[in-house]
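S.K.: Throw the hints in and build the complete structure from the sequences for me.
Here are the chains, one letter per residue:
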Amino acid sequence: MSWSGKILRVNLTKGTCQSEPLNMAWAKEYLGSRGLASKYLVEEIDPKVDPLSPDNKIIWATGPLTGTMASTGGRYTVVTKGPLTGAIACSNSGGYWGAELKMAGWDMIIFEGKSPKPVYLFIQDDNAQLLDASSLWGQSVWETEPSIKAKHQDPQIRVSCIGKAGENQVLFASVVNDLHRAAGRSGVGAVMGSKNLKAIAVRGTKGVGNLKDPKGFMKATAAAKAVLAGHAVTGQGLPTYGTQVLMNVINEVGALPTRNHKDVQFEGAKDISAEAMATPRETDGKPHLVTNQACFGCTIACGRISKIDETHFSIQNRPQYINASGGLEYEAAWALGAANGVNDLEALQFANMVCNEEGMDPISFGATIGAVMEMYEMGVLKKEQLGIEAPFGSAKALCYFAEITAKGEGFGKEIGLGSAKLTKKYGQPDLSMSVKGQEFPAYDGRVVQGIGLAYATSNRGACHLRGYTIASEVLGIPVKTEPTETNGKPELVKAFQDATAAFDSAGICIFTSFAWTLADVAPQVQAACGEEFTVENLNTIGERIWNMERDFNNRAGFTSKDDNLPKRLMTEPAKTGPGKGTVSGLDKMLPEYYKVRGWDSEGRLNSETRKRLGL
Amino acid sequence: MGLVISFCLCECDSASQKLTKLRVFTDPRGSYLFLAWLVLNIDQYKQNYHLHDGDSLMQKSLLINADKCTGCLQCEMACSYENYGVFNTAKSRIKVFDFHTTGKKVPYTCTQCDEAWCLKACPVDAIRIDANTGAKVVIEDVCVGCKVCTISCPFGTINYVQDSGKVQKCDLCGGDPACATSCPTGAITYVDADWTGLDRMRAWADKLGNQPAA
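Residue numbers (my numbering), protein chains in the order written: chain A, 1 to 615; chain B, 1 to 214.
Simulated from the structure, these hints should not be mistaken for laboratory data.
Careful: at least some of the hints might be erroneous.
From the derived model, a few chain B residues whose C-beta atoms are all more than 10 Å from chain A [unchecked claim]:
| no. | residue |
| --- | --- |
| 1 | Ala-90 |
| 2 | Asp-125 |
| 3 | Lys-166 |
With a straight-line cut-off of 16 Å between C-alpha atoms, the simulated EDC-like cross-links for lysine to aspartate or glutamate are [as the list claims (entries may be wrong)]:
| no. | chain 1 | residue 1 | chain 2 | residue 2 |
| --- | --- | --- | --- | --- |
| 4 | B | Lys-95 | B | Glu-82 |
| 5 | A | Lys-206 | B | Asp-163 |
| 6 | A | Lys-424 | A | Glu-414 |
| 7 | A | Lys-149 | A | Asp-132 |
| 8 | A | Lys-149 | B | Glu-82 |
| 9 | B | Lys-147 | B | Asp-163 |
| 10 | A | Lys-114 | A | Asp-50 |
| 11 | A | Lys-215 | B | Asp-98 |
| 12 | A | Lys-219 | B | Asp-130 |
| 13 | A | Lys-286 | A | Glu-310 |
| 14 | A | Lys-595 | A | Glu-608 |
| 15 | A | Lys-413 | A | Asp-430 |
The beta-carbon is built from N, C-alpha and C at its ideal position, and this holds for glycine as well.
M.R.: Structure (structure tokens):
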């Protein structure tokens with residue numbers, strides 16, 4: 001039935017690895033990956049637990065479609081209580097690692113406790129063991145993966161690990177697999193570091209074979225792949241330009257947050273866009289972009305592989321950055337670029353590479369630098385403190401901060417707190433462009449009203465991947481809605497949030513949803529798992545997951561006051577662009593959203609909602 | 001009691017009538033199996049070894065264009081599903097190599113050599129030629145898992161499988177390769193074996209003769 005039916009429980013305190021059967025009743029209600037792992041988490045930990053304490057747990061989970069021929073069926077999620085936010089954290093990654101875990105015969109791995117010394121988990125099919133990682137501790141992601149492969153003399157091992165940022169418990173540290181794919185957000189890498197867990201190395205040779213209806217599955221996946229191939233976004237835009245196709249589009253609609261959200265359009269957008277990446281450079285006649293790359297099973301292939309200009313200041317005497325590697329994706333290009341007013345494409349890719357190399361979320365890192373630069377310009381932070389002059393637009397400062405943050409040196413330690421804690425420390429809490437402590441992604445929430453509401457209500461803090469209403473509000477998918485309009489947005493946000501939870505929990509990539517609806521997903525899940533996973537049921541599963549996450553956050557201490565946006569988005573109107581003069585209409589949308597959700601005025605689940613969803 | 005049956009089998013090239021192959025079987029298992037098979041399939045055996053005589057079918061080849069490969073591994077899953085009924089890249093007979101530092105992804109599998117080293121090295125004649133496709137096919141019932149073919153193949157495309165105790169290699173799926181069908185970008189195609197260079201020729205022809213003069 002496409003689940004392996006088996007989970008691995010690792011007690012790091014005791015050093016034990018135990019296999020246990022998957023709770024199939026929960027699998028039917030929460031599907032897999034994000035939903036199912038979150039169910040395990042909320043059942044097993046105290047919502048008020050300190051995220052970086054041994055009492056927190058951290059789960060790596062695949063979905064029922066992970067490791068199959070379903071397009072994009074290679075995703076896995078890392079679920080824990082996040083240290084950046086204190087809310088439930090669920091970070092999703094592609095690459096090849098998730099499929100490898102599934103092919104080794106495991107649906108998920110639950111880590112509990114804390115190891116007395118650095119360890120890594122090594123899985124070969126049914127065999128799992130904790131091995132000494134003292135020689136790996138202090139290594140970057142780019143060093144750890146080859147070290148493990150060399151040690152076991154097996155180049156086919158896949159590795160999911162942390163770099164120095166995770167070890168140093170940078171609050172936005174990520175977990176990186178396959179060198180440049182990351183479970184990026186909410187600081188899941190810091191939790192891994194807090195447990196002295198360096199890596200999970202997997203070699204799977206058992207495969208995924210227990211599908212409900214294999215022939216039907218092949219037919220359903222082939223039909224769904226044809227839909228992706230025939231769609232303008234998934235068939236042409238994303239493979240050709242990557243997510244970076246958005247840079248000029250979002251800038252033109254006046255929703256590209258610039259210089260810590262002071263502006264909504266960036267004059268340097270064209271210099272850091274997909275088009276710029278494809279244009280030959282003056283110095284060497286070669287374009288920045290080398291090629292595109294797919295994750296496991298993906299027939300879209302939006303990933304970017306790029307090479308930095310060898311003459312660029314950032315990589316002089318740093319040979320590890322000369323080769324091609326992952327990036328730039330739109331979110332990273334925005335956070336490292338527009339958010340700081342930096343239009344130096346090569347510098348952005350350097351900072352992005354450091355984020356991959358040492359395991360940091362480029363969104364939260366870049367957005368935190370935006371706050372640092374604003375405080376520098378205000379005179380709150382000084383050159384002596386920072387170690388460099390850091391006005392908006394300084395590529396040198398960006399590159400410098402990337403290195404010191406990853407390594408935990410000097411002011412880098414403070415940057416590693418994230419913008420919310422950092423700005424509070426210096427008496428400027430309104431300068432943190434975040435919700436629940438997590439920094440905004442690359443769309444302005446005051447101009448595009450729906451995404452603002454999606455940020456404010458996202459269960460893991462500000463995030464575009466919890467309800468990507470940009471699809472509707474900017475791209476017109478599935479229907480066009482007016483960005484600056486607030487009416488109807490609560491319903492739109494709920495629909496996106498619920499469907500997204502179902503996509504995530506199936507083990508596929510949310511980017512398929514540019515072309516697919518749940519009507520395309522359901523036949524694939526049905527053939528893999530059983531007839532009961534109809535469109536309607538998947539929607540209910542998505543809604544159940546959303547409410548379960550919300551309920552956990554409420555019990556962790558979050559209230560309606562935390563469903564907010566920074567003062568800047570509520571009171572400083574957009575200065576330019578089609579949305580000029582607008583501020584967020586969150587105050588109008590939020591009460592309506594609670595009603596649509598079946599929550600009380602404090603944003604808590606009412607008894608009817610609990611009953612309806614079985615919570 | 002310690003009985004070892006040995007026999008020699010001579011093969012002749014049909015055109016030159018020169019001796020091209022001498023096989024000595026010392027493994028009783030292989031010999032018996034082969035003899036039994038030979039009695040039953042003598043016509044097919046003759047046909048297989050005279051592939052280039054008479055009216056053979058037009059052969060096709062897998063044509064791999066690495067520039068189009070995105071590294072999605074749909075081909076590896078399709079291969080394992082075709083042959084084992086599971087999605088299992090570890091069992092795939094085609095492998096995609098990801099050269100991270102250059103960004104290149106390169107699918108690689110058996111080229112079905114005409115003078116196949118694996119076939120010639122096999123001491124039990126477990127590798128035969130599919131008369132329709134020209135594929136060199138491992139007959140699992142005959143293979144004894146000695147791995148000599150894996151040593152002899154210059155390209156590494158025939159490999160041992162622990163689970164079965166046999167070797168496996170690409171058999172072109174009997175003429176409808178699943179890897180080519182599943183490839184979303186056209187990096188793997190199945191084309192006329194005599195014209196694998198046609199696309200490149202066309203591109204040059206276009207460049208040199210079809211574009212307006214500068």
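S.K.: Are the hints correct? Go through all of them and say.
M.R.: Hint check results:
no., hint, verdict
1, Ala-90, "4 Å, violated"
2, Asp-125, "29 Å, holds"
3, Lys-166, "16 Å, holds"
4, B:Lys-95 - B:Glu-82, "15 Å, holds"
5, A:Lys-206 - B:Asp-163, "10 Å, holds"
6, A:Lys-424 - A:Glu-414, "11 Å, holds"
7, A:Lys-149 - A:Asp-132, "15 Å, holds"
8, A:Lys-149 - B:Glu-82, "29 Å, violated"
9, B:Lys-147 - B:Asp-163, "14 Å, holds"
10, A:Lys-114 - A:Asp-50, "13 Å, holds"
11, A:Lys-215 - B:Asp-98, "30 Å, violated"
12, A:Lys-219 - B:Asp-130, "29 Å, violated"
13, A:Lys-286 - A:Glu-310, "11 Å, holds"
14, A:Lys-595 - A:Glu-608, "12 Å, holds"
15, A:Lys-413 - A:Asp-430, "21 Å, violated"
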